[in-house]
Amino acid sequence: MESNFVASIIFFLFVFVTLAITYFASKKSNTKENYYAAGEKISGFQNGLAIAGDYMSAASFLGISGLVFLSGFDGLIYSIGFLVGWPIILFLVAEKLKNLGKFTFADVTTIRFKQSKIRALSSISTLITVLFYLIAQMVGAGSLIQILFDLPYDFAIWIVGILMIIYVSFGGMIATTWVQIIKAFLLIFGATVLSFLVLKEFSFSLTNLLDAAVKAHKSGIDILKPGKLVADPISAISLGIALILGTAGLPHILMRFFTVPDAKSARLSAFYATSFIGYFYLLTFIIGFGAIVYLSTNSNYINADGILIGSNNMAAIHLSHAIGGDIFLGFISAVAFATILAVVAGLTLAGASAVGRDLYVYVLNNEKTDEKRELFVSKISSVLIGIVAIFLGIAFEGQNVAFMVGLAFAIAASTNFPVLFLSINWKNLTTNGAFYGGMCGLLITVCLVVLGPTIWVDIFKFDKPIFPYKYPALFSVSLSFLAIFIFSKLDIKNRSKIDDEKFTKMMEKAYLGK
Amino acid sequence: MSSFTNKNDRYIKIKRNISHLFSFIVIFMYFSFILLIGFYPKLLAKKIATSSMTYGVAFGLSIIIFSIFLTLIYTLLSNKYIDEIKK
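Top to bottom, those sequences are chains A and B. Sequence positions in the first sequence follow the working numbering and run 237 to 750. Sequence positions in the second sequence follow the working numbering and run 10 to 96.
It should be emphasised that the hints constitute simulated quantities derived from the structure, not laboratory data. Backbone N, C-alpha and C fix where the C-beta goes; we use that ideal spot for every residue, glycine too. You may find that some hints are simply not true.
[What the hints assert, rightly or not] Partial chain A-side listing against chain B, Cβ under 8 Å, derived:
{"hint": "1", "residue": "Phe252"}
{"hint": "2", "residue": "Leu255"}
{"hint": "3", "residue": "Ile313"}
{"hint": "4", "residue": "Leu319"}
{"hint": "5", "residue": "Ile347"}
{"hint": "6", "residue": "Val450"}
{"hint": "7", "residue": "Ala472"}
{"hint": "8", "residue": "Leu504"}
The shape of chain A in the complex, shown without the other chains (with noise of 0.2 Å):
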């Protein structure tokens, strides 16, 4: 097959320049700040396509073209969701974690408290954000690439999970971040091109395509109105909240932040950022249109269901066939394991820093270690997380994953965002309240994920879920934000402790830099 060809031709090219970059990164990645930072060398704009990088997951561009493919106007919602999680970023977050942090978001929410308690709390909130991310980053990975090259899925898992250990162990953050630079420009033309392609065929008009669609597409104008996805108010604010908060509170975008140089540049990623992640989705939207006018009758990548051959996740990749022919189809297989394989090398780096940084040195070693250990005890956790990655990919072949990535995201809002937030606004915020109130954040988060729809029905099999809602996060940010209020209250003890002076100085800090 001569798309098979095409896609084998640039993805290798891909992996040999990536290769290359984390040869001579690693040469470099024998300090703390080369191997978290990247040095503090990178610009606002490299920096802002990297986290676009990181953010834009294969699940994102397939999941979500799929998702307009298959309902329309409800994709718009979700990619509106992780889109406005952003601007909140660079408005509230962005600068301050530059100026008082270095390598994790940690080390802000550290400041003014104990560092084991908190980095412990830290590391496990990010440890479980990274794993439940990472798995259904690799299921996805390994039957796409299944269905795409035609390769076993074991197989196809074990590439991912080999070459995301190579980049981060040997090329930290420095190889990380080219990696991630390189796929975004790549995803990032694919998908213009695709939408140029499409676009072109209705003489550029949105509205042309949205009337072709309406015509195609077996809901007809239902398309274009709110659906079933989204149906009860409650569902949606919650929904909503997890995936603004949620976003701000992801720790491999976080430790992004650490690798520029200043509060400016910190600024312009996250501006560059929202850029290129809005227009991707702009991208998104017009490629699920074209999907449902160009396959919605079309028996080659239609079965005779009525179903999408392979999957709903697959329109982008079969309209990329249907519109630019076999060599076309190729170079976007070839993007979209590129995209998975950037994705898997942030959030392994994220997770070994955790328990390099945060685990080792702050909570068992009580800061008394050094840079030369630390580092080996980094890389080995990225094999490590590496491994258990590859291992759990293959162990949930086939199962459905997509709640996972909605914990993640739970998670991320209702621990580490807390946290972090009140760490930087709230006065009276002590050591055993965020600890006490964090975990509880994060025990509520599971509970109600595991007693919602869908693990208790869906995975369990009971009739009817214990917690009636899917997504938790209104309930769990809520509570583990009064948690951690209730547990700073009662903290009597360490009230006296509580030294006015420091939060102020910290402030001048977030808002002065160093």
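Start from chain A and add chain B according to the hints.
Coordinates of chain B only, in the frame set by chain A:
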């Protein structure tokens, strides 16, 4: 809020007000969209003029474009003007 001993009092105040104002605009815009979907989907289902374009699609796409626009304004304001006040 505790008073800052720093001579950068004015900078911090301006900065804080602007980030809160911008955040409020985005959150207000997004949650009006979400609440309309939840409570009043019929409004979003209305067609604009005679085309297939609905108010929902137009509103949704505008949120994306307006979000990008707001981050541009914020970054320009901060990097070019407000940072100048800092000394």
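Hint-by-hint comparison with the structure:
1. A distance limit of 8 Å between C-beta atoms decides the matter here; for Phe252 (chain A) the minimum to chain B is near 34 Å, and the interface restraint is violated.
2. Taking 8 Å as the C-beta cut-off, the interface hint given for Leu255 (chain A) is violated, the closest approach to chain B being about 34 Å.
3. The interface hint given for Ile313 (chain A) is met, as the beta carbon of that residue sits about 7 Å from the closest beta carbon of chain B, less than 8 Å.
4. Hint on Leu319 (chain A) holds. Least Cβ distance to chain B is approximately 6 Å, under the 8 Å limit.
5. Residue-level restraint check for Ile347 (chain A) is violated (minimum Cβ-Cβ distance to chain B is 16 Å; threshold 8 Å).
6. Residue-level restraint check for Val450 (chain A) holds (minimum Cβ-Cβ distance to chain B is 5 Å; threshold 8 Å).
7. For Ala472 (chain A), the interface hint holds, the least distance from its beta-carbon to any beta-carbon of chain B being 4 Å, beneath 8 Å.
8. Annotation: Leu504 (chain A) was flagged as interfacial toward chain B, and the flag holds, the nearest CB pair being 6 Å apart, inside 8 Å.
Violation of the numbered hints given earlier is confined to hints 1, 2, 5; the remaining hints are satisfied by the structure.
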